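A.B. asks: Single-letter residue listing:
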Amino acid sequence: MKSLEFFRNISIGQYIDIASPMHALHPAAKFALLFCISILALTAPTFAGAGAALLVAVLCILLARLPLGMAARPLKSLLYVAVLTILLQFVFSWPGDQSLRVLSLGTSLHALSLTLYETGIVASIVIRAAAMMLTLGWFTSIITEQDAIRSIERFLRKALRDSTIAHQAALVSAMALRFVPIIAGELEDIVKAQASRGASFGSDTRNPIAKARAYLPLFVPVTIRALERAELLAEAMEARCYTGRGRTEQALSPIPKSQILLILGALLATAALWWVDLTLCKPWIRPY
Amino acid sequence: MATQQKASGTSWVRKMIVAGALSAVSIALFLTPFGYIPWFAGASLTVMHVPAIIGGVLEGPVVGGVIGAIFGITSLIKAATAPQGPIDVFFTNPLVSVIPRILVGIAGWLIATLLRGLNRQLGYLAAGAVGSLTNSVLVLGALVLLQAIPLQLAASVFVANSLVEAVAAAILTAGVVSAWKGIEHGRSRSRLADEA
Amino acid sequence: MSLIACKDVSYWYEGRPQPALSHVTFTVDQGEYIALVGRNGSGKSTLVRLINGLRTPSSGSIRVLGLDPADPEHQAEVRASITMVFQSPADQIVTSCVEEDIAFGPENLGLPRTEIAARVDEALEMVGLTAFRTRPTRFLSGGQLQKLALAGAIAMRPRCIVFDEATSMLDPRSRKALLELMDTLKNQGITVIHVTHEMEEAARASRVILLDQGELVFDGSPTRFFSVEACSVPGTSSDISAPASPNKRIEPDSGQTTLPELYGLELPVNLRFARMLRLSVSPGAGPAEIVAHLIPSLAAARSDAMQAAGLSESSTCAQIRKGDDDGDRALQHPTTQDFAEPDFMLSDVHYHYLAGTMFEYPALQNITMAIPRGAKVAFIGHAGSGKSTCLQLLNALLVPTKGEVRSLGINTREEHVANKLRSSVPLAIQRPETALFETFTGDDVAFGPRNLGITGAQLVERVRTWMNAAGLPYEEFRDRQIRTLSGGEKRRAALAGVFAMESRAILLDEPSAALDPQTRTRIWSIINRASERGTTVVFATHAMEEAAGADLVGIFHEGRLVAFGLPSQIFGEHFDPGWNIERPFLYAMLHELSVRGFRLPSLPGTLEELAGLLLPMLGQGVGADADEAAKACLGSLHELCPPRTGSLAENEITPATADSKDPPDIPARSLSQDKQKLPGTDEAQP
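Chains as they are written, first to last, in the working numbering: chain P, 326 to 613; chain R, 145 to 340; chain H, 2 to 687.
In short, the hints are calculated from the structure, not lab data.
Keep in mind the model is a prediction, meaning the values are calculated, not measured.
For glycine and all other residues, C-beta sits at the position ideal for the given N, C-alpha and C.
Hints may contain errors.
Partner residues are not named here, just some residues of chain H that face chain R (Cβ under 8 Å, in silico) [claimed, not checked]: (1) L460; (2) R479; (3) G535.
With the hints as extra help, turn the sequences into a complete structure.
C.D. replies: Pasting the structure below:
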């Protein structure tokens, strides 16, 4: 029997406090890099563009002096995916796919085969995902949750010329971060209380309706308590003169000139790579 | 201690705090084993998106959308930094992990508002079901669009899992919203009255 | 100008027939220390919310520094002048970092950065959290969070700080620290308003305001508040500014009832005891002071009695203890051999939280104990000492990292029985009402029994029995929606749901925490009822008086079980100040008496018994008949100090002069006859 305990110190970020050129960047520059790499990884017309994003992500990780083993750990799941998608593509086929068969089982069965087109799909999935994994891993390791929220607030304030929406966004994300450990603890307490009262949480039935009903003793109190806590906190904040307006603004350091250049450079480079990918790589990769 | 009513205060502050708290419920369910109701053959019904539906029903489309967005971004980050399985690989794309979740709460709000005149309890059930189906359709749709899975597979997952998930979401949404608003589950007295 | 002036203030909650406050009038001046008391639902919390403008009075007027708190224009000024510390530590912290949270209030005022930084430093210093300034708030304990909340209040540089039941969810150590901070604030000229239903805390204030059913019933000094006069002569007391309606007023019984008791609160234990002895002491008097009051009468009575009995002082047994003659007889832990059938057995149990992760830390180490069937066992210790972890191990919610736990004879590691085991020794978690989930009260109480497979008439009978026992009459409460219940009713419903499982043993984690005295008494009547039926009850508590009533007490200190035995041993001879807990009042009295050389022949199990032993000696307890009094006095003195060769008290304790390694000054009390014999009883009286 295992203990009814789970990881309560859950956090979303994974900030690693070391000195590196990446850590030293202004949060705005970190965001800009995240944005550029992600855009390229996700929207590049072919996997070649995504591959470029992947290379940049690796470079960023090296510059951030992050332990490579840790940074690469999420990539393990890519292996399964590569195998699975290859199998999937092997079994299913895309309508109108006339590309070269890389691998096939018998000649007559068109379905049971892996074409070059399908290989391209697999490569695309794997490379794009790998780039995203490395980039997000890199980003969450070099910025604290608080810094991230502040930067978003600042960006929204500048972009929308509206401090209320910016502040709302910052407030709601700060609240979410603050509540997560509390709610997780409460979840554990309530699970324990109901287990003590003989709750099975649906493990004794196959009927989905019965299963969902058996989840009510857990789900209802957790959610209701969260709503109650929200009410209490709203009152406490009001008692502390919070109105959301006229607050002392966070003193954020201005973005250094060199980093503004970096941001512009990154944006330009992204656009350039995207264009190269579209005009040079796509016609070349497409025919298959 | 009880604060049944608010005498004053800016309503958006309260809404944002409620959104933050419900997002935290989503995230806590997501990061612990309790966001998944184990079903059979290793498949499980996910209920992490239900707080977004509840937020939408209780506090409107903005709150519902915000909860979905925060939950979506969390799942995006977690899929990238600590993937639990192969499917997480596809959740590194915001088109799969964030956009559908934003619409979940909004769909819930829409349905609950449309059916308000008819029957509240029914409205909450429908909001839960439709919110959950919105999630399934959009996630599966995005996966197909990204050529991650073929349409046939998406369709079979929808039939096998999403419909049941919708039922679960309906029950949980109605359960919480009725409890919070103090609306009876179609009965006015304890089930004990029927015993003995 | 007074700081706060309330004039004829009333407040109605929407949709409720009774006003939450009606016609409340009082003023508060700068620098006062006020205890605002009353039972749950008396209107205390509503009143403080009106004062800082969180709510607007339905009628009447409130002025804070001459300003209307409800006026949006003055709201910020009022709220910065009167800051609040709320009950639940976690629900008032806004940000995820200590110093940012303190800065939150000043930032809302739009103060310049440098000013805010200075205020944050000052507030951190004052509450003693300077070392934690950059720590994430989620790594703080409840007590630290409450200090942080106070620092946030201080950083506003307020005129007045309101503590809204701010101590009720803290352990004794943190509670004490917060109370001391209140004194510091008061000394700095800041007005302190402490909303509380703990009368020991109210006794610290310089003024007490009592609310009941929304009416201000009393406004005056604590001494007067706790005195019999304040309530026995209602018409003449100028302190009682708002005469209570006649239906509320209970007939004062022979001039012995006090206001707190009349209004659902209770007299602090020291004053209750003093009243038994018909002493009058100050509200804050501790055991030492009470004993000091007693000494002259006791000593005089003793020497009178000696002479009457023809004994000289020198020939008596030594009443004065010579130094520390406790010896170091190790406390006998009840061990496995002592019982034919213990309900719980822990052997060398260790538990590490988050084992295998970088956050791993040991919560329990080296616990070996056996809990006999039918016993009522108290676990005591500060927050984080391991009591809750231990309860969860007994319940198989947690499985030991090392060692073995047997609950009802079953090893908790055995997977296939764990689910069944959990419900056969159910645990009521802290604040069990958070787990209520059904719409109707009856259904929630029925949840546990239903899961055990009980249905039909039997189920209804169970639910009826335990709802009635919990003071929630079945017919009335079965169909009541849970959300309409008060906090105290919810707690009772939650506990009734656990007791309705009628298990052989039950585990309770701080069952009475944060409740008002009336609800606490009701909770204990349920627990005692189960205990009388032979149910093994293991409970964790911070209330020493509750622990004193247990059959066995376990002291947890930093993850270790440092003592386990009878309360008389734990709080008597084996008490260790290093545990940093206070003795229950009864044992503190016995200790003080023994320090001053007075020993009692039999160990009183309750304060009433102790009073019964002492009263005859004080020469004021017995009726008019002087001979009777003298006889009674002599009789009890023989007990108090038996002659060496007397026949009056052969079975009493050995004289202390005979041997420095004499038996304990507080002999162990035997358990009541209906309970099975417990270990330790024999060893204590060789």
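A.B. asks: Each hint needs a verdict: does it hold in this structure or not?
C.D. replies: Outcome of the hint check:
This hint holds: H:L460 has a C-beta 5 Å from the nearest C-beta of chain R, less than the 8 Å allowed. Against a cut-off of 8 Å between C-beta atoms, the interface hint on H:R479 holds, since the closest Cβ of chain R lies about 5 Å away. The interface hint given for H:G535 is broken, as the beta carbon of that residue sits about 27 Å from the closest beta carbon of chain R, more than 8 Å.
Checked against the numbered hints listed earlier, the structure breaks hint 3 alone; every other hint is satisfied.
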